[in-house]
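**Q** Numbering (the numbering used here), first residue to last: -14 to 92.
Calculated from the structure, these hints are not laboratory results.
Because the structure is a prediction, the values reported are computed rather than measured.
We put the beta carbon where it would ideally sit given N, CA and C, even for glycine.
Incorrect hints may have been included.
Cβ pair distances, simulated, as ranges [to be verified]:
hint: 1; residue 1: Gln60; residue 2: Leu(-9); range: 19 to 29 Å
hint: 2; residue 1: Ser8; residue 2: Met(-14); range: 16 to 26 Å
hint: 3; residue 1: Ser19; residue 2: Gln(-3); range: 22 to 32 Å
hint: 4; residue 1: Met18; residue 2: Glu45; range: 19 to 29 Å
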Amino acid sequence: MRFEELLKNYYQSGKALEQGIPSVKYCGEELNMSPNYFSDLLKKETGRGAQDHIHSFVIEKAKTQLLNSRESIAQIAYGLGFEYPQNFSKLFKKRTGKSPVQYRTIN
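When you get a sec, could you build the whole thing from the sequences and use the hints?
**A** Written out as C-alpha cells, the structure reads:
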C-alpha cells in the first residue's frame, strides 16, 4: 500500500524530527489527493480514517522502540514527532491500555 510506504519513508527520512507526526493533509498531498478525499477513501476501504491509520503506525513503531532500545520515553516521543512526551504517553495508553513504562516493563 502506498500509504504504508509513505509513512515508512517519512520516518526513515527524519521528517518526524523536523515536522512532527505526519498529518492527514501531508499524506493526502503526497498521494495527490485532498486530505478529506484521502481520509474518506481510507474509511470506505478499511473502516478507519487516515488519522487512525497514522496513529496505529506510530504506536507500532513506539512498541518496537520501547522493547528494543534503552531510549527514554521522552526520547522515543520526540523521535516519533511528538512535541510533548505527555501527548505521546496519552495516545499510547489510549491505544494499548498501558502506559509506555508499563508496556516496556510487562513485555
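**Q** Within 22 to 32 Å or not, the Cβ separation of Ser19 and Gln(-3)?
**A** holds, 26 Å
**Q** Taking the beta carbons of Ser8 and Met(-14), is their distance inside 16 to 26 Å?
**A** Given a distance of about 18 Å, which is inside 16 to 26 Å, the answer is holds.
**Q** Just tell me: holds or violated, for the beta carbon distance of Met18 and Glu45 against 19 to 29 Å?
**A** At roughly 23 Å between Cβ atoms, Glu45 and Met18 fall inside 19 to 29 Å, so the hint holds.
**Q** Taking 19 to 29 Å as the hint, is the beta-carbon distance of Gln60 and Leu(-9) inside that range?
**A** holds, 24 Å
Violated hints for the displayed structure: none, as all numbered hints are satisfied.
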